[in-house]
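Undergrad: The primary structure of each chain is shown beneath.
There are 2 protein chains.
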Amino acid sequence: MKTYSINSIGQEKLDRLFGRASCKRNRGITSLVKKILRNVQKSGDKALFAYTEQFDCCRLNNICVQRSETAGSAKIIPQALKRAIGRAILNISAFHKAQKRKEISVATMPGVKCFQKILPIDTVGLYVPGGTAPLFSTVLMLAIPAKLAGCTRIILCTPPGKDGAVASEILYVAQVCGIREIYTVGGAQAIAAMAYGTETIPKVDKIFGPGNQFVTAAKMIVASENSGVAIDMPAGPSEVLVIADSSANPAFIASDLLSQAEHGPDSQTILITTDSSLMTMVKKEISKQIVTLPRREIAMQSLQKSFLFLANSIDESIVLSNRYAPEHLILQVRNPEKWVNKIRNAGSVFLGRWSPESVGDYASGTNHTLPTSGYARSVSGLSLESFQKTITFQKLTKKGLSNIASAVIEMADSEKLEAHGNAVKIRLLSQKS
Amino acid sequence: MKTYSINSIGQEKLDRLFGRASCKRNRGITSLVKKILRNVQKSGDKALFAYTEQFDCCRLNNICVQRSETAGSAKIIPQALKRAIGRAILNISAFHKAQKRKEISVATMPGVKCFQKILPIDTVGLYVPGGTAPLFSTVLMLAIPAKLAGCTRIILCTPPGKDGAVASEILYVAQVCGIREIYTVGGAQAIAAMAYGTETIPKVDKIFGPGNQFVTAAKMIVASENSGVAIDMPAGPSEVLVIADSSANPAFIASDLLSQAEHGPDSQTILITTDSSLMTMVKKEISKQIVTLPRREIAMQSLQKSFLFLANSIDESIVLSNRYAPEHLILQVRNPEKWVNKIRNAGSVFLGRWSPESVGDYASGTNHTLPTSGYARSVSGLSLESFQKTITFQKLTKKGLSNIASAVIEMADSEKLEAHGNAVKIRLLSQKS
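One line per chain: the protein sequences are A and B, in this order. Under the numbering used here, the letters of the first sequence match residues 1 to 433, in that order. Under the numbering used here, the letters of the second sequence match residues 1 to 433, in that order.
Hint data in this document are derived by calculation from the structure and do not stem from the laboratory. There's no promise every hint is true.
Same chains, same names: a pair is fine if it fits in one copy or spans any two.
Simulated crosslink set (BS3-like; lysine-lysine; CA at most 30 Å straight-line) [what the hints assert, rightly or not]:
#, residue 1, residue 2
1, LYS305, LYS46
2, LYS100, LYS399
3, LYS82, LYS42
4, LYS425, LYS283
5, LYS100, LYS283
6, LYS34, LYS399
7, LYS82, LYS342
8, LYS283, LYS162
Note that this is a predicted model, so its numbers are computed, not measured.
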């Protein structure tokens with residue numbers, strides 16, 4: 001891990017360090033993904049079976065997971081894990097339920113009523129990655145708000161293991177969250193199926209969930225095609241930024257940096273501290289803790305690209321963090337609440353020494369699907385709202401229309417949109433007659 | 001305008017009619033826009049001056065609009081238009097102010113507090129198209145919520161006329177809305193400038209506003225580059241769908257269809273009615289009203305691609321409308337409120353005979369930046385929220401962490417993310433010691 005001092009680093013160097021170089025899309029991937037998208041759009045299920053054989057190395061007869069399979073998963077999951085999942089569901093539900101907004105209605109002038117309705121998005125597609133371990137926590141973070149929002153149809157796509165089956169943990173969590181439609185298909189082909197529809201998989205209105213670079217590329221491409229399918233957010237490698245003062249515990253900080261670093265070789269971890277001796281101790285702790293980690297190779301690669309900053313004050317550290325706009329921000333400082341109102345750009349924030357990032361990844365209640373690559377400047381993490389849309393309404397009375405008429409006609413005339421003005425004039429005339 | 005009956009039309013034909021064929025992006029445009037984006041990214045202001053000369057046919061020395069110019073605009077605008085704009089500002093402000101959300105805070109379990117803060121997006125870029133008439137209403141719809149949200153820096157880009165100046169109406173509205181940073185640059189080059197920044201124009205966090213196909217393509221491309229810049233929403237040609245029963249006034253309907261049709265040759269207008277004689281009368285009214293319209297050529301082209309449906313009931317008409325997911329929906333039926341809860345997909349809805357679409361385009365209070373091309377299924381129109389983001393926070397006490405610890409450790413172990421569990425275990429151990 002490289003160390004820098006804020007006082008000696010130039011702006012240009014800082015921009016480069018904060019630049020998220022790793023999120024540029026590979027051209028080879030883009031062209032392969034485009035080919036997959038076009039094939040699934042053209043050949044539907046047939047293409048899905050072929051890609052599953054090619055990429056997941058298994059031959060399927062059916063991509064629909066049967067109810068009996070899903071139900072059977074409950075028998076395999078250990079009680080302790082069931083209890084853990086139960087706890088997570090309670091907490092995540094409580095925080096997301098509280099996000100329910102009130103619909104508003106305003107009489108902007110006499111006889112002119114404007115109001116809005118908040119509705120669930122009808123059909124949503126959840127993507128859950130496969131890989132070395134079944135990431136069932138993703139199911140929690142997507143399925144719970146989708147259910148709470150009241151989406152009519154919720155489908156879940158996830159790649160099969162080499163044996164052709166979906167991990168029991170994923171099936172179990174899907175079942176307890178009330179997801180009944182599960183398809184054994186992963187990668188860019190799953191995104192294509194949800195974007196365009198196939199004989200088996202319905203076209204959805206919005207696609208949610210993380211994935212490898214093929215999945216991410218596929219989501220970005222379908223979102224840019226103007227095909228009517230939205231995506232949750234752009235995705236890049238995961239990030240954590242820790243701000244610590246001399247009160248912080250170096251072992252805690254090291255454990256937080258490592259839990260980010262183990263995600264993947266391109267995960268980014270940053271520590272900003274006002275205490276140079278803490279920095280040394282954190283490095284020592286990392287060396288100590290990393291030894292026993294099963295994913296230490298991955299963590300090591302990630303840490304090589306990460307860095308430590310020595311700053312002059314917590315104020316300055318927060319300014320830097322706002323500039324970086326981290327996905328996760330951990331404040332291990334005295335009185336962390338004091339700084340809450342200075343934080344301008346971040347996905348999710350962890351306050352104080354007893355709030356490690358991993359509680360938010362699994363069970364505290366907040367969502368773990370968060371903006372990366374600096375998108376925290378403009379994009380929010382997943383919430384109940386991500387599964388909803390707002391429709392505005394207006395109802396004018398006769399009198400209301402005559403109250404607003406001159407304003408509309410005047411503006412329409414100035415924009416040279418005469419038919420816009422006519423729609424008001426014709427009504428006014430009929431009113432008089 | 002072609003006429004169809006719901007009873008005889010096939011599903012396939014319906015899908016085709018509802019398909020928004022015109023929103024596919026032209027390859028020639030994409031490659032030109034990509035070139036413009038790369039040039040502005042590389043050469044900054046220099047590229048902006050060159051493209052302005054090439055596309056807007058005027059040579060500028062400076063792309064910053066001077067304060068004196070903006071202030072001078074007030075002298076040129078007629079009093080009646082000033083009053084109209086003032087009325088619109090009051091109504092739009094009232095409806096968008098009401099959209100302010102409460103921040104929530106939940107103790108999901110003892111010692112585990114989750115809360116959210118709602119913040120403005122720091123730097124936003126508003127694009128206002130030029131063209132035959134200055135569309136200053138766009139300034140209202142973008143600037144008012146941006147100001148209400150509290151965005152720190154709001155910039156506005158708009159192309160110059162052939163004389164190199166920005167229309168006074170745009171300057172005036174920008175000024176009364178409190179926008180102080182205006183740049184005379186349009187097209188894809190303006191989007192590039194806001195996405196990457198130049199010597200003069202700052203890189204923004206999110207880009208808003210409509211535009212021609214070059215602007216739209218540029219927005220979609222920068223949004224797909226994972227460069228940290230978000231856009232308001234995908235944009236396609238404008239649309240209206242009118243549902244009418246025998247109580248409707250054919251002249252009113254005709255005026256609404258025409259006010260949509262005059263927008264552009266690819267605007268889409270649809271009428272669904274339960275009354276075949278009304279259909280005939282609407283067609284007659286259109287022929288009558290179109291004659292005097294300055295933009296009748298455009299309206300004519302648009303109407304050629306539009307269609308009328310005969311349906312069996314209002315219920316069925318709403319089902320069709322939900323399937324189409326129109327940008328604008330007008331209900332000219334008895335008791336329009338009765339149907340509000342059946343509407344699932346629409347951008348903005350106009351209830352009853354005294355609520356023409358044009359009131360929402362200018363002054364009722366609702367936003368006129370709305371999802372097209374079927375995106376109303378998953379995307380909301382612009383609102384206060386579009387200029388905000390949410391940050392989630394969590395704060396655990398010692399006790400809170402021990403309450404949630406087993407759930408987190410159990411789940412992290414199952415996902416084989418041992419460092420995630422360690423971040424909790426290390427803290428627990430230190431607690432005991």
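Undergrad: Each hint needs a verdict: does it hold in this structure or not?
TA: Right, here's what the structure says about each hint:
In this assembly of identical chains, LYS305 and LYS46 lie within 30 Å of each other by CA distance neither inside one copy nor across copies; the values are 42 Å within and 35 Å between. In this homomeric assembly, LYS100 and LYS399 come within 30 Å of each other (Cα to Cα) only across copies, at 29 Å, whereas the closest approach inside a single copy is 35 Å. Taking identical chains as interchangeable, the C-alpha atoms of LYS82 and LYS42 are never at most 30 Å apart, the minima being 41 Å within one chain and 55 Å between chains. For the homomeric pair LYS425 and LYS283, the shortest alpha-carbon distance between copies (19 Å) is at most 30 Å, but the shortest distance inside one copy (74 Å) is not.
In this assembly of identical chains, LYS100 and LYS283 lie within 30 Å of each other by CA distance neither inside one copy nor across copies; the values are 43 Å within and 45 Å between. In this homomeric assembly, LYS34 and LYS399 never come within 30 Å of each other (Cα to Cα): the closest approach is 55 Å inside a single copy and 51 Å across copies. In this assembly of identical chains, the alpha carbons of LYS82 and LYS342 never lie at most 30 Å apart, being 39 Å within a copy and 39 Å across copies at closest. Proximity of LYS283 to LYS162 under the C-alpha cut-off of 30 Å is found in neither arrangement, the shortest distances being 39 Å within a copy and 62 Å between copies.
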